[in-house]
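Asker: The primary structure of each chain is shown beneath.
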Amino acid sequence: MNVMKVMNNKTFAHIATSTASSIAIATLLKSVGRPTFIYLDKNTKPETKKYSASKEFFYQLLCLGIYLSIIPLFKKGGYELAKKVFKGNTDVEKLFEEYKDPTIVTIKKGKKEVKKALNGGFEHFYYALHKAEDEGDVKLPMKKINGGVVAISNLGSVLGLAILAPQLSHLFLHPIMKAVGLDKKHDEHKEHEQHKLNVVSK
Amino acid sequence: MGKETIAQKIFTKFGAIDSVAYVASLFIAGAKGIFRPIFTMMDKKQDPDSKKYAATREGLTEVIAIPSYFVFEQAAKKLAPKFLMENLVEHGTLKLTDYRTQFDSIIKAQKNKSKELRKSKSTYEEIEVALKNIVDTELKDEPVQRLFKDYKSKLKTVNATTSFVGVGLATLIAIPALCNLVMPPVMKALKNHSSKKNINNGNPIKNEVQTVTNLNSSSNIKSNNTNILNVYMAAKPNAGMKVGM
Numbered sequence: 038m039n040v041m042k043v044m045n046n047k048t049f050a051h052i053a054t055s056t057a058s059s060i061a062i063a064t065l066l067k068s069v070g071r072p073t074f075i076y077l078d079k080n081t082k083p084e085t086k087k088y089s090a091s092k093e094f095f096y097q098l099l100c101l102g103i104y105l106s107i108i109p110l111f112k113k114g115g116y117e118l119a120k121k122v123f124k125g126n127t128d129v130e131k132l133f134e135e136y137k138d139p140t141i142v143t144i145k146k147g148k149k150e151v152k153k154a155l156n157g158g159f160e161h162f163y164y165a166l167h168k169a170e171d172e173g174d175v176k177l178p179m180k181k182i183n184g185g186v187v188a189i190s191n192l193g194s195v196l197g198l199a200i201l202a203p204q205l206s207h208l209f210l211h212p213i214m215k216a217v218g219l220d221k222k223h224d225e226h227k228e229h230e231q232h233k234l235n236v237v238s239k
Numbered sequence: 012m013g014k015e016t017i018a019q020k021i022f023t024k025f026g027a028i029d030s031v032a033y034v035a036s037l038f039i040a041g042a043k044g045i046f047r048p049i050f051t052m053m054d055k056k057q058d059p060d061s062k063k064y065a066a067t068r069e070g071l072t073e074v075i076a077i078p079s080y081f082v083f084e085q086a087a088k089k090l091a092p093k094f095l096m097e098n099l100v101e102h103g104t105l106k107l108t109d110y111r112t113q114f115d116s117i118i119k120a121q122k123n124k125s126k127e128l129r130k131s132k133s134t135y136e137e138i139e140v141a142l143k144n145i146v147d148t149e150l151k152d153e154p155v156q157r158l159f160k161d162y163k164s165k166l167k168t169v170n171a172t173t174s175f176v177g178v179g180l181a182t183l184i185a186i187p188a189l190c191n192l193v194m195p196p197v198m199k200a201l202k203n204h205s206s207k208k209n210i211n212n213g214n215p216i217k218n219e220v221q222t223v224t225n226l227n228s229s230s231n232i233k234s235n236n237t238n239i240l241n242v243y244m245a246a247k248p249n250a251g252m253k254v255g256m
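Protein chains in written order, with the numbering used here: chain A, 38 to 239; chain B, 12 to 256.
Take the hints with a grain of salt, since some may be wrong.
List time: in silico SDA-like cross-link candidates among lysine to any residue, alpha-carbon distance up to 20 Å [said to hold, decoys possible]: (1) A:Lys152 <-> A:Val142; (2) B:Lys55 <-> A:His211; (3) A:Lys86 <-> B:Leu192; (4) B:Lys163 <-> A:Asp171; (5) A:Lys176 <-> A:Tyr136; (6) B:Lys24 <-> A:Glu170; (7) B:Lys163 <-> B:Ala141; (8) A:Lys79 <-> B:Val197; (9) B:Lys160 <-> A:Glu170.
Sample of chain B residues facing chain A (criterion: CB under 7 Å; computed from the structure) [to be verified]: (10) Phe22; (11) Met96; (12) Thr168.
If you want a taste of the chain A side facing chain B, the calculated C-beta under 8 Å gives, among others [said to hold, decoys possible]: (13) Met44; (14) Ala50; (15) Ser55; (16) Ser59; (17) Ala63; (18) Arg71; (19) Ala119; (20) Phe123; (21) Asn183; (22) Val195.
It is worth saying that the hints were derived from the structure and are not from the lab.
Using N, Cα and C, we set each Cβ at its ideal position, and we do this for glycine too.
Let the hints inform the model, and build the full structure from the sequences given.
Answerer: Right under this line is the structure:
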């Protein structure tokens, strides 16, 4: 893989500048990195490491699922809110005038190229934004609307990953660990340790 | 156009962010550092000691994460220009290599002007006009101006991708590795402090064991090396006392 080509790739840049894509990928990386380093910890017993690493893996996947299901709402919500916030701003209103006429665009679906009609709205805005980014010509009104999308996406990211995910994990993580046969073993391990200490403390 | 509202100012500021992944990661780490310990302490099913332990660990993880993201972002900013492929920035006979030094000094002048105007509370529209004036003054030829525009655009691409790779490396490697290094001695010190408190209060060591076995099931990361450490530390004094038998 040519590192220089990847770092200069426009599609990779679009992913890097999208809150939703970049945070989703970061969460996926956490599901790999954290369990790996738990396994590398030499101070811990193998059974404990296995339990902890597995729980961490499932927790991060849970976070990813929650995040991917809620973030499209926040992105679109951010766009609609930004339109309201900048109502009366002549430059922004001129921008939306351009989107009133439908645009036929060619998009790639796998190896095929498909024509699609964009009739204003969030998808149209994003197509125009990426085109402007590629040409290095993102005008200020576009940045303002995108700023709304980014701000509300950040809010969605915080709500999803810092508040919703820890609460929902209580419900889902335990059954998942039980289903893969790890919760029982951890309980047995805890019982074994408790028994050892009870014997010693007598 | 009238005075900007607070919401307009916030959205405009967010629209000017280049390192989106870095900013979002900071917000998430900050929020997790606050809310996860709070939720842990609110858990009524856990005993107080194990709640304190789990909450401390969760808070520590984000305390490690935030400066890690910052360090990697600064490194990414410094390294990004080195990743630019100069052959991608060419127009006819004009080559970037002939103009790069001049372009870099224009970009530096634009950054300084932008900083100066933001301090004097100028609007983004006024800043954009001022930055364009610098380019028009320094570069008279239209083809060279187009080359500069292309250069800035490609630079923005590598800035974004390098920043994202920095966040990725921090997330995948640096933060978990630092947690492995920093957590055990910190949690050991906290546990020692808590054990001394319990002994001074006349509480039996058994409470320490109970704490270990009733850990919060939804806690992530480094519960377990310190789990075992606690079990060992709780057992050791007892074992030591029994050696004379």
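Asker: Does each hint fit the structure? Answer for all of them.
Answerer: Consistency of the hints with the structure:
no.: 1; hint: A:Lys152 <-> A:Val142; verdict: holds (6 Å)
no.: 2; hint: B:Lys55 <-> A:His211; verdict: holds (17 Å)
no.: 3; hint: A:Lys86 <-> B:Leu192; verdict: holds (16 Å)
no.: 4; hint: B:Lys163 <-> A:Asp171; verdict: holds (11 Å)
no.: 5; hint: A:Lys176 <-> A:Tyr136; verdict: holds (15 Å)
no.: 6; hint: B:Lys24 <-> A:Glu170; verdict: holds (18 Å)
no.: 7; hint: B:Lys163 <-> B:Ala141; verdict: holds (16 Å)
no.: 8; hint: A:Lys79 <-> B:Val197; verdict: holds (17 Å)
no.: 9; hint: B:Lys160 <-> A:Glu170; verdict: holds (11 Å)
no.: 10; hint: Phe22; verdict: holds (4 Å)
no.: 11; hint: Met96; verdict: holds (5 Å)
no.: 12; hint: Thr168; verdict: holds (4 Å)
no.: 13; hint: Met44; verdict: holds (4 Å)
no.: 14; hint: Ala50; verdict: holds (4 Å)
no.: 15; hint: Ser55; verdict: holds (7 Å)
no.: 16; hint: Ser59; verdict: holds (4 Å)
no.: 17; hint: Ala63; verdict: holds (5 Å)
no.: 18; hint: Arg71; verdict: holds (5 Å)
no.: 19; hint: Ala119; verdict: holds (6 Å)
no.: 20; hint: Phe123; verdict: holds (6 Å)
no.: 21; hint: Asn183; verdict: holds (5 Å)
no.: 22; hint: Val195; verdict: holds (4 Å)
Of the numbered hints listed earlier, not one is contradicted by the structure.
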